[in-house]
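2 protein chains.
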Amino acid sequence: MGDYYDMKMDEVLPLRDVVFNTLRKAILTGELKPGERLMEIHLANRLGVSRTPIREAIRKLELEGLVIMIPRRGAEVAQITEKSLKDVLEVRRALDALCVELACDRISPEEERQLGKACDEFARATETKDATVIAKADVAFHDIIVQATGNQRLVQLINNLSEQMYRYRFEYIKDENQHDSLIEEHRIIYESIVGRDKERAAETARLHIDNQEKSIIRQIRLEQGQQAGKKRQ
Amino acid sequence: MGDYYDMKMDEVLPLRDVVFNTLRKAILTGELKPGERLMEIHLANRLGVSRTPIREAIRKLELEGLVIMIPRRGAEVAQITEKSLKDVLEVRRALDALCVELACDRISPEEERQLGKACDEFARATETKDATVIAKADVAFHDIIVQATGNQRLVQLINNLSEQMYRYRFEYIKDENQHDSLIEEHRIIYESIVGRDKERAAETARLHIDNQEKSIIRQIRLEQGQQAGKKRQ
DNA sequence: AAATTGTACTTTGTATACAAAATTCATTGT
DNA sequence: ACAATGAATTTTGTATACAAAGTACAATTT
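From first to last, the protein sequence lines stand for chains A and B. Using numbering that gives the first Met the number 0, the letters of the first sequence correspond one by one to residues 0 to 232. Using numbering that gives the first Met the number 0, the letters of the second sequence correspond one by one to residues 0 to 232.
Simulated from the structure, these hints should not be mistaken for lab results. It is possible that some hints are incorrect.
The list makes no distinction among identical chains, and a pair is therefore deemed to hold if it is satisfied within one copy or across any two copies.
The list that follows gives simulated cross-link-like pairs (lysine to any residue, SDA-like), each with its CA atoms no further than 20 Å apart [to be verified]: (1) 82 - 104; (2) 85 - 156; (3) 24 - 62; (4) 197 - 92; (5) 85 - 100; (6) 85 - 151.
Could you build the full structure based on these sequences and the hints that come with them?
So, in structure tokens, the structure goes:
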């Protein structure tokens, strides 16, 4: 009895969204490399669908800035240059500061509690020395702040900007020398928000991004140095 | 002689981009109203193309937030609520402040000259009392600042956010009582940038948005009051 | 009269077909 | 040996075809 109600109504996503998510992930993890061409028939065969959903997914990736279109030639994975990353970080710096300021005004008691917990859990995560675990704890901490702003547009923009740095995220996480300052910055941000000290919260959020920027820029220079070394294929 | 070189290579946009621009404009000008359904065959017939470019254009509008998709029902023009506009303005406030700060650091002598000219031209435009002329002069002024940041991502984000307020833009422009304060704010922003006074520039940019917000929110409340008055069709 | 069922119609989701442009590479002529 | 030409191939751009889901509305039952 009650069998009818137990039916799994598992939300069938349109193929274009499945393809979109798949390609997006492949680009962000570096499985599809910058400059690589996205050929429709090839992708269609590989994913077992027709060209139509592939094309629609590419249109969305295009607007998100993950692929660029070359007229009459098709799509390729967008190059990430040092300049484009600096541009992204410059904007994120301002928006992260906005986030913590808004959080000071709008965070709920429940969210404050969660934030404190996330703060502790981040500190504990660094002890595992497992980059994946640490990165997850870091994201969890920041997500609570972003959500606490109650501004959906801001949430969306921060997510999109984070996306661009996804591949480099691990670099500053892996550097164990930085762990203590990361923990300290998180603690200051948490305390400033709870204490409604917007200025201090914002200043620390900016510092937090500046530190990430240093790691990421170092990393990208390394990569590009390597590329310059090897022959064009 | 030289005929070959004179050929107009007039950049044939793919139909999807033509459709995208057409629909985008129709939504922004209010020709397509919030809640209105975008039916593919109908649009295809109206624009004289097949469904394929229509669908691809809709995918882009979807990611830009101008339309929302309802599963198995298709696209409709996104509703603009007071909350969503406040969210947009909250972000724009921070990004406009960032713009003028960056402009202080990076504006070129040539751009400084253009900005001074655009400042004067805005003052002169208000005398015409023609909202279109004034709006154009306003956009020209702000465009110079945004471009002066040299941050392409920032340019793109500001443009996208401006889009959401397009329909309400005229309201604060039309209000003649505000013209003097608008001119004054532009002048202060110009002078602060030239004088490299980031703090004053940013403060005025925020004030500038706050004033717009008041006009726009007043306007949207008026509209929604009207809608509540008439029967649902 | 109200609720329900069933049928015709619309609309989307996906696949395929065809045309036009771009690219590749071998062939030809010098 | 080298440049130019052109056919074959690849790939995109656009249109159309077909299936599945959703919607509207009339007919039927209670």
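Evaluation of the provided hints:
1. 82 - 104: between (34 Å within a copy, 17 Å between copies)
2. 85 - 156: Intra 16 Å, inter 15 Å, cutoff 20 Å: intra and inter.
3. 24 - 62: Both ways: residue 24 and residue 62 sit 16 Å apart in one copy and 17 Å across, limit 20 Å.
4. 197 - 92: Both, since 15 Å and 16 Å are each at most 20 Å.
5. 85 - 100: between (23 Å within a copy, 16 Å between copies)
6. 85 - 151: between (24 Å within a copy, 10 Å between copies)
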